[in-house]
Each structure stands twice: as structure tokens, then as C-alpha cells.
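Peer 1: If you're matching them up, the sequences are chains A and B in order.
Each step along the first sequence adds one to the number in the numbering used here, with nothing skipped, and position 33 is 833.
Each step along the second sequence adds one to the number in the numbering used here, with nothing skipped, and position 405 is 400.
Calculated directly from the structure, the hints in this document are not laboratory data.
Some hints could be false.
[As the list claims (entries may be wrong)] Computed list of lysine to aspartate or glutamate pairs in EDC-like fashion (alpha-carbon distance at most 16 Å, straight line):
1) B:Lys301 / A:Asp1174
2) A:Lys857 / A:Asp992
3) B:Lys375 / A:Asp1174
4) B:Lys301 / A:Glu937
5) B:Lys301 / A:Asp941
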Amino acid sequence: MANPAAEATSTGGTGAPIAITEHRLANGLRVVLSEDHLTPVAAVCLWYDVGSRHEVKGRTGLAHLFEHLMFQGSANVSGNGHFELVQGAGGSLNGTTSFERTNYFETMPAHQLELALWLEADRMGSLLAALDETSMENQRDVVKNERRQRYDNVPYGTALEKLTALAYPEGHPYHHTPIGSMADLDAATLADAQEFFRTYYAPNNAVLSVVGDIDLEQTIAWVEKYFGSIPEHHGKQPPRDGTLPDTMGGELREELHEEVPSRALMSAYRLPHDGTREADAADLALTVLGSGESSRLYNRLVRRDRTAVSAGFGLLRLAGAPSLGWLDVKSSGEATIAQIDQAIDEELARFAADGPTAEELERAQAQIEREWLDRLTTVAGRADELCRYAVLFGDPKLVNGALGRVLDVTADEVRAVAAARLRPDNRAVLVYEPTTDATETEEDAA
Amino acid sequence: MSTPTMTFHPQPQPGTPTPWAFPAPQRLTLANGLTVLHCDRPGQQLVAVEVLLDAPLAAEPPGLDGVATLLARAFNEGTDTLTAEEFAAELERAGATMDAHADHPCLRVVLDVPASRLERGLTLLADALRAPALPADEIERLVANRLDEIVHEQANPARRAAKALYAELFDAADRLSRPRAGSAETVRGIDRAAVQAFYAAHVRPSTATLVIVGDLTGVDLPALLESTLGRWTGEKAEPGTTTPVTADDRGRVVIVDRPGSVQTQVLIGRIGPDRHDPSWAAQILGTYCLGGTLTSRLDRVLREEKGYTYGVRAFAQPLRSDAQGTGRALLAISGSVDTASTAPALADTWTILRTLAAEGLTDSEREEAVQFMVGVAPLKYETAGSVAGTLADQVEQQLPDDFQAKVYQQLAALSTEEATTAVVAAFPPERLVTVLVGDASVIAEDVKALGIGEVTVVS
Chain A
801 MANPAAEATS TGGTGAPIAI TEHRLANGLR VVLSEDHLTP VAAVCLWYDV
851 GSRHEVKGRT GLAHLFEHLM FQGSANVSGN GHFELVQGAG GSLNGTTSFE
901 RTNYFETMPA HQLELALWLE ADRMGSLLAA LDETSMENQR DVVKNERRQR
951 YDNVPYGTAL EKLTALAYPE GHPYHHTPIG SMADLDAATL ADAQEFFRTY
1001 YAPNNAVLSV VGDIDLEQTI AWVEKYFGSI PEHHGKQPPR DGTLPDTMGG
1051 ELREELHEEV PSRALMSAYR LPHDGTREAD AADLALTVLG SGESSRLYNR
1101 LVRRDRTAVS AGFGLLRLAG APSLGWLDVK SSGEATIAQI DQAIDEELAR
1151 FAADGPTAEE LERAQAQIER EWLDRLTTVA GRADELCRYA VLFGDPKLVN
1201 GALGRVLDVT ADEVRAVAAA RLRPDNRAVL VYEPTTDATE TEEDAA
Chain B
-4 MSTPTMTFHP QPQPGTPTPW AFPAPQRLTL ANGLTVLHCD RPGQQLVAVE
46 VLLDAPLAAE PPGLDGVATL LARAFNEGTD TLTAEEFAAE LERAGATMDA
96 HADHPCLRVV LDVPASRLER GLTLLADALR APALPADEIE RLVANRLDEI
146 VHEQANPARR AAKALYAELF DAADRLSRPR AGSAETVRGI DRAAVQAFYA
196 AHVRPSTATL VIVGDLTGVD LPALLESTLG RWTGEKAEPG TTTPVTADDR
246 GRVVIVDRPG SVQTQVLIGR IGPDRHDPSW AAQILGTYCL GGTLTSRLDR
296 VLREEKGYTY GVRAFAQPLR SDAQGTGRAL LAISGSVDTA STAPALADTW
346 TILRTLAAEG LTDSEREEAV QFMVGVAPLK YETAGSVAGT LADQVEQQLP
396 DDFQAKVYQQ LAALSTEEAT TAVVAAFPPE RLVTVLVGDA SVIAEDVKAL
446 GIGEVTVVS
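Working from the sequences, and respecting the hints, build out all of it.
Peer 2: Laid out in C-alpha cells, this is it:
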């Protein structure tokens, strides 16, 4: 197989196509392989098509709590054995949970690849043999401390959660974030976890990718050997319908008085679904408006008006519901939210009318190209992207055209999506006003 | 319905490892005196460049803490030919990012740029170093932004803990005792003239080093560097000297009161050997066994048995180092625990340290740690940025270019006893300064009862 990176110097920095081989086992497990011998490492990545959007009322946080339980041992692996064996082999590993999927990954020295496959297969096929009340209680406490550390004990820590709840209506599968509520974490039972596993952790609900210094034939033989006998099962229900109108039809605004260091304005705009050309256009619009120190909002709020210490736009790409355009502005000195609001609306209106200049579009495309190179520079990054395209869009080969599709978007398409979506009546807004009242805390943190 | 089962196979045995060594850089010197370390990493399309300037925090004039940080930030604010906005735009057009930050040993400027636009990226970097505009109005804005940032740092438990620990450990006269980016009082006094004077005094090619790592296939590097960074000129100067690092590590506890906190941020520290010390490899090995991962001694109890925390880590981080061996590293244990578990978590931590001192590490702990630390190296150094960062650390700490490569050889040869000796020496239970950022009204009494040192509460 051609060495993908060796050809890449001639492609203007965009990199050569990733060589991709696909298989499907009889039990439904999809397998994506990609060979690259530059460094003697191999990345294993496994995406299960389950995320917080599959959770039901009263059990928010279960997908993420369950992800922790996947590291507590299985039929042939002791509690913590997964970590011990991978790290003891010189590998690194973790798992993450999002709205739309749960992923698990090991990056191994190439000669230890088989161990990672054996470990992933063991827990996919036999987690319930080891799962017990002790690990459930322990990991519940760990996850609650994760929630405290990352969200409840830091200023603005619950902004994502609050803004998501505003942006997606009550009952919508994306109304709550993957961390879940303290009350629901407390309520989850061992039986819930067992049922979750039986429903979602099936070979036919997963994609496995292996990328790096591998032998394709040997690798697929190992995959067949370890995963091939895991029975498929079909209990999964599709997630609740995430369909929403293209725009919100009016601004939703919540003002919080909390003990935070400065005023802040955060908003979420409803944007096109991931995987569409319009989402790529929106990505470019957000980059021109709010990514980096030459962006319009940075220049306006931070450099010229000096009302903000930071101002940035980000895109939360989602495939099963509208994506979110995420604006985060922290005020400077005594500047008011009204001043910041007005400046943002002026900049959005100007952009909707005129679109990006040719230079702005070129810069935005160069930034996105760099971020894309950065993601694909490691075998683990490539393995994750292959799973993403396979799980969310049905075809891992789409990864190879992804950057080209962004570079193909025109200035007028960028203007059009901004005019349609980046408007005051299509956003949820969270305003923080600092209070010095030290007794005010989150209600779920008591 | 019974759960269907799969066919199990025995745990597989590893194949034959592919030899790997930490990349060896090559050196050259430009006509202007700039030292260059370069390392070709085929396939790494994002090239990483780091420039180390001999502008340590200790060189900041008295009362102007933060001037080095403001200079670092001002490097992005335009040149003799580009305004601040134009400079930012040109960097982005090249698909590049440039960041600079000032730390105790030196000021570092880091450029990441796609190989296809390397020349443009290097030109912008060179212009920023050679002829920064240092515009008065942008510096005034950077000062205001830094003052805003200090308020945010105060609200962040981890930042607040670090600030308190450094103030406890180091003498007030030592720059190490004070925040790297300055305090509100010192930052208020910084203007363009102060930044310009610091630049003029400390930024010059003859005392700087550039590290460049990435896919340099087909690049005539000496010529490319001469035509970009080679245009940077300056008077020759002798490299600066460092002062020895000392600290007061009498065992004691400082509670930084943060009413209403749902967790306590814990930072336990002292100072110890840096990379020049022969015990360094043993110290990082033993420290990993104590708190390097969630299967290490601390998390095995505090996280995986008790559920007190999302994770606690032990680490060694060099502060200031020189070839004469006067430097030291910060040795610390860091994490956060729910408020109610504060005293129990500290009690367990001290028990773990005392047990470690009494019984030592086991051979299997040592074996697993060595396998991880040596085995993970090819992965850790897969990207150009990670290689460049480590090479720059070596330069900054006046270490030989093959230092990291040798650490891997030493790790593989260390005995369990050597690792035990080093980690027990690094974390003596009676010589640890404990900083707790949390709700003093809830935690102070129980912490006093632990007997791990005198307890002071500050707000």
C-alpha cells in the first residue's frame, strides 16, 4: 500500500487521500482499516452508535456513566485490567461520550495491536459477567466528582448545559448534555446499566477502525477471531425525533446572577445539520466572524470597542439535530451587555448583507485546512474520523473529500447561510451578571 | 432469555517490537548568531517551530512583574510593515498560529504552520522578532486584558491553588514566588516604554535558539532560515545566569477560603531534583507509580476505591535549571475532591505516602510503569509539536540534545529499589506544603485534626 504521507508534500498541504479498506463481519460489525507505516504505532477506535440523545427522562447521564463502567472489567479482564494491560503494553486509552455517540480508543505500539482488539472484544461480548453494584456505586461517585470538577465548581461551568436546554426544547433528545443531572446520576440502577448494555452494545451497532503500522490481512483475521463470535442483537430503538424548524422563530434569553468574575454573553444559534454543504458554509461564516485574532468580532469587540476580553465563535456539529453556532464573549472592565449585544447585531447584519471578502474567505479556509491537518496528523485522529464518517454518514470514505468540500464553498453561500441563520430571532442567549453574594450556588450542587 | 455468549480466546502475546528512538536533532548556527536545532520528521505536514529567548522572568525590572508576558503577547500585535490586524490576518492566511508565553526560564514563541506555507510562516515569525511594532494602544489594551484575566484567575480554583503554593514555597524576593504574568499592582504600571525596554534588553538572535521539527523534505533549510530568521539582527550578548532555587518545605496547610465550593482543590508540593540530577529517571518512574495514572497508588484508593475524586496526579515539573545543577523541580500532587471528602482524602494520601516509605514499590508496579513510559514514547512523539516541545525543554534547561533518548535507556535499567528511594525522597509526608482551595467553614476543623501541619486560613 502506498505510504499516504510520503505523497503529501505535493498536494499543497492538504494531504494525500487516506487509504481505506472496509469489511463487515457476519454479526454486523463494520470494520475500517487504514495502513500507514510512518511510526510503529496502531490506533484502535470503536464507536458505538449511542449517546446522550438516546437517554430517557429521569436517566440523563446514563450513557456517560456507562462509558465509565466499560473500564471496570469483563469476563476475562479484572477490574481496572483494561487500563493496566493497555498501559503496561505502552499504550494509551480512553473513552468519551457525546450527544450522538460513545467512543473508546487505544493507541498501541504496533506489536501490541492484538491485545487492544482482544480487550475491546472481551468487553463488547461479556461486560455483564463482571459488572456489579460495587463498581456501579464507585463510578457513580467518580462521575459526580467529574461533574463537580468540570461544571459545578468553576465559573460559567454550567453554561453549556443551560444554553443547550434553551436551544433545544423540553423533551427534545438534545435538550440535556451528556454529563446528566446529579439527581439522575443518583437514580441510575445496576439494572439500568445492564439494560443499556443489552440494548446498545451490540456489534451491529458499532464501527471499529484500526489505523497505523498494521498488516491488513492479519488485522482483519484478528478482528474476525476476537469479535466474530459476539452475537448480534436488535433491541435498539431509534433516538427520539430531533427534527426542528430551521430557525427558532424568536430569541430565547435567560439572565443569570451568579458569582462569576465578569459579565458574559453566550449564545447558541441554530445551524444546518452536519454533513451538509450548508454546515460547511456555516463553519466558514463562524470562522470569519469569530475564530482567531483577525475575526470580525475579535476586531470589533476586543480591539476596537474594548468591551470584551475575549470573543469567539465555535461550531458544534451535530448530525441528528440542528448544529449549534456557539458564541462566547467575556466582557472587559465596566462594559455592559447592551453594548456588546448591539455590536454583535451590527456585525451580523453587515455580514448577512455583504458576506465575507475574498481575503476573509481565503483565511477562513486556510484555518480550517490547518485544523483538519492537525486532526489527521495522528493515527488516533484518523481512526476517530473514519468512525465518525462511518457511524454518522454511513461511509468512512467521505473523510477524503471533507476538506475539499469546505474549500469548494463560495462567498455567496457563506453569506446566504449567515443571512438565514445568524440572526437575533434564531438564538438562545445566556447572560451572566456577577453578584458578590457568596451564598448563591447551583441547586444541584448542594 | 439467557444472555448469548461468545467464544473466548486466551490473552494474546505481543509481536516483535519495532525499534524506536527519540529523534536526534542536528544543529547549525546562522550568521546572526541564532542557534538552530532541526529535525526532519517525514509525513508530519504541520511543522512546529519554537524560539527560545533569553528573557527569563527573573530579568523583569523590580515592580514590573508581567512585562515579559506582555512582550510575549505583543509579538502578535504587528510589525514594521503590518498593523496588528494585518499581522493576525497574514498568519491566518498562511494557516498558521503563533503564540508566545513567558516563563521562569525563558520566553518562548511557538509557530505551527503547514509545510506547504513554511516560508511565509517563518517570514512572519522573523518579522515579529526582528521588528515588532509594540504599538502603544495595543499594549494599553493588553494591559487592560491582563487585569481582566487576573479577576478570572482568582475565580478558578486550580489557578488560585498554584498561586498560593508558589507564594508559600518561595522567598518573596525570588521571582518564583509571584504569578508569572504579574499581579494587578505590577501590571498597572506597565506601558509601551517598559515593554520596549525589556525587548531591547533581552531579545537578540545571539542568545536565542530556534527549534524546527516536521516534514522538511525538499527544503533547503539553512538557506530558508538565513533568508527569514537571518534578517533578525542584534548586539551580541552573554547568556544570562540563573540563581539557585530554594524553598521552605516545612509541613503545613494553607486553606484558601472559597465559600460555597462543592469541591476542594488540593495542591500538595515541595521542590526536589530536576533533570540534571542523576536520580531524575528514578524520580519520574517512582512518581508515576505514586500518581501517574488511574491505576497508580493514589487513584487506586482515592478514585477507584473511594470515589472521592475524578482523578489525582503526582508530577515533577522543572522550575529553573542550569548546567551547574542549581535548579530544582516542583514536586506535587494535584486534584480535586468533593468538599465532604476533603479530610478523608488527605488522610488516605498520607497513609499511602507512609506505606510507600515503609514497604516500597513492588516489582510489578515498576515493571508496568517502565513498560508504559518507554512503550508509549513513539506515540507521545508522533507529532512534530511534541518533539519540538521536548527539544525546546532540553535547550531551556541546558541539557544535552540526547537527554531524552538517554532517559528512556535509564528507565529500562532502573531497579524497583532505585525508584522507591527516589519517590520516597521526593514526597516525605512531614515536608509537604498543602494548599486547599475550598469552603473553609466546612473543611478547616477536620483538616486541623489530621495533624499534617499547622493550618492557616486565608481569603
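Peer 1: State the violated hints by number, sorted upward, taking the hints as numbered earlier in the document.
Peer 2: Hint 1 contradicted; others consistent.
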